[in-house]
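Listed here are the chains, written in short residue letters.
There are 2 protein chains.
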Amino acid sequence: MLSPPWRRFALPSFSRYSAASTTCRANHSLSRLNPVTAQDVDHFAKILPPTSILSTLAPFSLAATELDIYNNDWMGKYHGNATTVLKPKTTQEVSDIVKWCHEKRIGIVPQGGNTGLVGGSVPVKDEVVTSLANMSQVRSFDPISGILVADAGCILQSLTDYIAPHHHVMPLDLGAKGSCQIGGNVATNAGGLRLLRYGSLHGSVLGLEVVLPDGTILDQLTTLRKDNTGYDLKQLFIGAEGTLGIITGVSILTPPSPQASNNVIFALPHFDNVLPLYQLVKRELSEILSAFEFIDRTAYDLAVKHGQGRALRDEDVEGAQCFVLAETSGGRREHDEEKLTTLLETLLEADKPLINTGCVTEAVSKEGKVYKYDISVPLSTFKECVDITREHLRSMGLMREGAVRHVLGYGHVGDGNLHLNVVADTYSSEIQDALEPFIYELVASHRGSVSAEHGIGAMKTHALHYSKSAVSIAWMRKIKELFDPRGIMNPGKVLE
Amino acid sequence: MLSPPWRRFALPSFSRYSAASTTCRANHSLSRLNPVTAQDVDHFAKILPPTSILSTLAPFSLAATELDIYNNDWMGKYHGNATTVLKPKTTQEVSDIVKWCHEKRIGIVPQGGNTGLVGGSVPVKDEVVTSLANMSQVRSFDPISGILVADAGCILQSLTDYIAPHHHVMPLDLGAKGSCQIGGNVATNAGGLRLLRYGSLHGSVLGLEVVLPDGTILDQLTTLRKDNTGYDLKQLFIGAEGTLGIITGVSILTPPSPQASNNVIFALPHFDNVLPLYQLVKRELSEILSAFEFIDRTAYDLAVKHGQGRALRDEDVEGAQCFVLAETSGGRREHDEEKLTTLLETLLEADKPLINTGCVTEAVSKEGKVYKYDISVPLSTFKECVDITREHLRSMGLMREGAVRHVLGYGHVGDGNLHLNVVADTYSSEIQDALEPFIYELVASHRGSVSAEHGIGAMKTHALHYSKSAVSIAWMRKIKELFDPRGIMNPGKVLE
Numbered sequence: 001m002l003s004p005p006w007r008r009f010a011l012p013s014f015s016r017y018s019a020a021s022t023t024c025r026a027n028h029s030l031s032r033l034n035p036v037t038a039q040d041v042d043h044f045a046k047i048l049p050p051t052s053i054l055s056t057l058a059p060f061s062l063a064a065t066e067l068d069i070y071n072n073d074w075m076g077k078y079h080g081n082a083t084t085v086l087k088p089k090t091t092q093e094v095s096d097i098v099k100w101c102h103e104k105r106i107g108i109v110p111q112g113g114n115t116g117l118v119g120g121s122v123p124v125k126d127e128v129v130t131s132l133a134n135m136s137q138v139r140s141f142d143p144i145s146g147i148l149v150a151d152a153g154c155i156l157q158s159l160t161d162y163i164a165p166h167h168h169v170m171p172l173d174l175g176a177k178g179s180c181q182i183g184g185n186v187a188t189n190a191g192g193l194r195l196l197r198y199g200s201l202h203g204s205v206l207g208l209e210v211v212l213p214d215g216t217i218l219d220q221l222t223t224l225r226k227d228n229t230g231y232d233l234k235q236l237f238i239g240a241e242g243t244l245g246i247i248t249g250v251s252i253l254t255p256p257s258p259q260a261s262n263n264v265i266f267a268l269p270h271f272d273n274v275l276p277l278y279q280l281v282k283r284e285l286s287e288i289l290s291a292f293e294f295i296d297r298t299a300y301d302l303a304v305k306h307g308q309g310r311a312l313r314d315e316d317v318e319g320a321q322c323f324v325l326a327e328t329s330g331g332r333r334e335h336d337e338e339k340l341t342t343l344l345e346t347l348l349e350a351d352k353p354l355i356n357t358g359c360v361t362e363a364v365s366k367e368g369k370v371y372k373y374d375i376s377v378p379l380s381t382f383k384e385c386v387d388i389t390r391e392h393l394r395s396m397g398l399m400r401e402g403a404v405r406h407v408l409g410y411g412h413v414g415d416g417n418l419h420l421n422v423v424a425d426t427y428s429s430e431i432q433d434a435l436e437p438f439i440y441e442l443v444a445s446h447r448g449s450v451s452a453e454h455g456i457g458a459m460k461t462h463a464l465h466y467s468k469s470a471v472s473i474a475w476m477r478k479i480k481e482l483f484d485p486r487g488i489m490n491p492g493k494v495l496e
Numbered sequence: 001m002l003s004p005p006w007r008r009f010a011l012p013s014f015s016r017y018s019a020a021s022t023t024c025r026a027n028h029s030l031s032r033l034n035p036v037t038a039q040d041v042d043h044f045a046k047i048l049p050p051t052s053i054l055s056t057l058a059p060f061s062l063a064a065t066e067l068d069i070y071n072n073d074w075m076g077k078y079h080g081n082a083t084t085v086l087k088p089k090t091t092q093e094v095s096d097i098v099k100w101c102h103e104k105r106i107g108i109v110p111q112g113g114n115t116g117l118v119g120g121s122v123p124v125k126d127e128v129v130t131s132l133a134n135m136s137q138v139r140s141f142d143p144i145s146g147i148l149v150a151d152a153g154c155i156l157q158s159l160t161d162y163i164a165p166h167h168h169v170m171p172l173d174l175g176a177k178g179s180c181q182i183g184g185n186v187a188t189n190a191g192g193l194r195l196l197r198y199g200s201l202h203g204s205v206l207g208l209e210v211v212l213p214d215g216t217i218l219d220q221l222t223t224l225r226k227d228n229t230g231y232d233l234k235q236l237f238i239g240a241e242g243t244l245g246i247i248t249g250v251s252i253l254t255p256p257s258p259q260a261s262n263n264v265i266f267a268l269p270h271f272d273n274v275l276p277l278y279q280l281v282k283r284e285l286s287e288i289l290s291a292f293e294f295i296d297r298t299a300y301d302l303a304v305k306h307g308q309g310r311a312l313r314d315e316d317v318e319g320a321q322c323f324v325l326a327e328t329s330g331g332r333r334e335h336d337e338e339k340l341t342t343l344l345e346t347l348l349e350a351d352k353p354l355i356n357t358g359c360v361t362e363a364v365s366k367e368g369k370v371y372k373y374d375i376s377v378p379l380s381t382f383k384e385c386v387d388i389t390r391e392h393l394r395s396m397g398l399m400r401e402g403a404v405r406h407v408l409g410y411g412h413v414g415d416g417n418l419h420l421n422v423v424a425d426t427y428s429s430e431i432q433d434a435l436e437p438f439i440y441e442l443v444a445s446h447r448g449s450v451s452a453e454h455g456i457g458a459m460k461t462h463a464l465h466y467s468k469s470a471v472s473i474a475w476m477r478k479i480k481e482l483f484d485p486r487g488i489m490n491p492g493k494v495l496e
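Protein chains in written order, with full-length UniProt numbering: chain Y, 1 to 496; chain F, 1 to 496.
Okay, chain Y solo, but in the shape it has when bound (with noise of 0.2 Å):
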């Protein structure tokens, strides 16, 4: 059985993942590209030093357990089968070995962390894994501006520490922070829990550098805040998972660090007392709300059942349809605590209160399988997704012992994203036909998102188009023909 996710974090032994499991999809695309040969690898060994090159070819040899981390994904739901994985230090070694795939037609995998949650950073078949891991230095901080330049393969933990003691935080957290890059992170547009307060990648980060599909650096590594002089390249690859180019330097905008953080958690005896509650709290709460968290009663359990400890009194949670997390970050602590105080003595007449530190992310995975579906759908349909979905299970005799044990909701009120999740005994091809494409065409009935903040990836591009039009994808698929023609840059992510 596999470890919960959170534990890949202390234990990240991944050699069970051999016996590969079957949800990967092919991709024909992948035809038309070479596989590395030995003669390529000698002459990666020109550009890297050896310890800098993980082979199954002569003349490294390595057993192919070995490269396991790089060929499967944490959830050991999406496995590769690469022979080789290239570490470069330096922006110029990923040039010359992007140069070298884009002359030789070797498909190429760039990789963060590889914490992602659709199969973006794990090759679909032998493709040439490039991991960022050695590029794992700061360029420069400016504790003056919050402008700090680093390293696409810097861990998103280890620049947070960085910037501590200068009194800023990164515009970014997520669950995977002690693992995930930063050049993943912007390569998936990772949202997280700042995004309410902070606002995406596209407006903090100020500046890439990428290698391009034919090895090119396009340097617009800019620590300029506001720059008008042409089109926005940038952006481009903000979100294109690695399909465009490997980000191996990011320019990013950090706020200076919150003095004081308040959670509280609310037990709502309705769902529809979400959205006035939201209301409410952003007139109260205003600049110091930075996140807002919807959790349903089914997550709340699972939560206070895995150990989480009780957030609440049982007399206030009895009855409760569902919870919310309120966070406040802000620049005085009585300023602060002030405000909540009279927020939650407004409240008070009406609903009950009480403060919790509770995580509920981590609680879900202990139950077992997750089919985890992350899309952005209006407010007001948060719980009906949820209970439709669980209601169409059903009809489908699919509640039961052996197959799905829990379908419950969670997520990011003030994004409109909600995290639903599939607990399930064992991933199989039964549920999976049973939630797809029923969720999507859920999700686009509501004129939704499919993935509101995971991407794509290998796992959802067949469902792109549930959130974008026809004419959309057609020029996606120009911009990437445009970026890379020979379509050797993580091939069989993002668009089919």
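Think of the hints as simulated: they come from the structure by calculation, not from any bench. Check each hint, because a few of them may be wrong.
[Claimed, not checked] Estimated spans, in silico, between C-beta atoms of each pair:
#1 Y:L280 - F:A444: 44 to 54 Å
#2 F:Q321 - Y:A164: 49 to 59 Å
#3 Y:A164 - F:T342: 16 to 26 Å
#4 F:S469 - Y:M396: 52 to 62 Å
#5 Y:Q259 - F:S469: 33 to 43 Å
Computed from a predicted model, the values in this text were never measured in an experiment. Glycine included, every Cβ here is placed at the ideal spot set by N, Cα and C.
Go by the hints and put chain F onto chain Y.
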């Protein structure tokens, strides 16, 4: 003599512009485009009602002066010779116009409020002006999420007024708000006064509807705050200044209104104090700091001279080398005032702060003609850039009556954006040649931006290379060629 710019909103009389100046640059790529003929006007009359067409051609046969406000920019610096102005009311009408122009190879200039500073919205030759002024409906507003969807032709101030009763504000504010349109704001990636607080339009614009150069309607008018499904194509149109397509609709996230707003003006004995002051103010005011503006001595004195009123007592101003205006916008007045009081107490030991509501940008233009340079440079070089430019003009014998009167600087410290203004008695090629490429080279030597927020337009196409690498510009050309192979969309702008 020209009216000063702020007068235009009260008195929009443009006929005096017809005796054109010579600052407009010839553009050779335009030669492959066809002029509008009477047959074309006939066809436009099938798409639009007669009230939506202004033309000097038969059967309309208007006097050329009737088109003056569309052919000239408000500074009187850029002059076109369009014979025909179209004012569609719907996206479909825009699409039909563009389809025809695409087929006939007729150049198109999309025009919003025509308030730009770089000649981006007036014809270079005789292109068709497509004014968005008649597309001015709000399509939807959700007071819970704050998401506004509006026609591109909505005037910024009218949108501000529309959402005010719902306790929301537009995430941008600029001097031209009474005339500029939201579509133009997006096309030029307008920065303005609230950027420090609410970030750039790349973050707050959620979706766009764009008519592409072949007439196709690209509908990415989503109201989702998070949507990671493929390439974020809309980003390309933000700041492309109408050269990749015509923006017809905008979906934008509007923040909740601050409950309180305060301004503080500081007089500083030395420029060197600006950065330490910025750091201290950022720390003390944190999330309520919404603007931090630098004003040099010359700019301050001009403001006082032109009746903005004395902001500070004479004895406090004596010997001050520069000034800083800080603005707060917060959710609770007493908390904001307390934070400001603490800040002032801390500061009084070293500096002399006083309250002011003066506005610098308006006063400047009363003096004469203004050469406006809108640049991004490191904060530490703000004063140096102004001083070096003044010395340069002095060494060329141009700091005298009849030529340059003042060289002054003010700008957004928080954004690293300096407005370097050269006030002269008249526009002359002698002054122009002394300023360019001098200033651009100065900016390039600091790795800055030659256009922080105004854009490239027709004015700076030749200067793009000072801020962008050859690789970047080559890729901009490829993008332009991909979207607009016939070169009909806002020809002569952004790329030479």
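> Do the beta carbons of Q259 of chain Y and S469 of chain F sit within 33 to 43 Å of each other?
Replying inline: holds, 40 Å
>> Holds or violated: the 52 to 62 Å window for the beta-carbon distance between S469 of chain F and M396 of chain Y?
In response: Cβ of S469 of chain F to Cβ of M396 of chain Y: about 56 Å, so the range 52 to 62 Å holds.
> Quick one: are L280 of chain Y and A444 of chain F within 44 to 54 Å, going by C-beta?
Replying inline: Given range 44 to 54 Å: holds, Cβ gap about 51 Å.
> How does the Cβ-Cβ distance of A164 of chain Y and T342 of chain F compare with 16 to 26 Å: does it lie in that range?
Replying inline: holds, 23 Å
> Taking 49 to 59 Å as the hint, is the beta-carbon distance of Q321 of chain F and A164 of chain Y inside that range?
Replying inline: Once the Cβ atoms are compared, 34 Å apart, the range 49 to 59 Å for A164 of chain Y and Q321 of chain F is violated.
Violated hint for the displayed structure: number 2, the only one.
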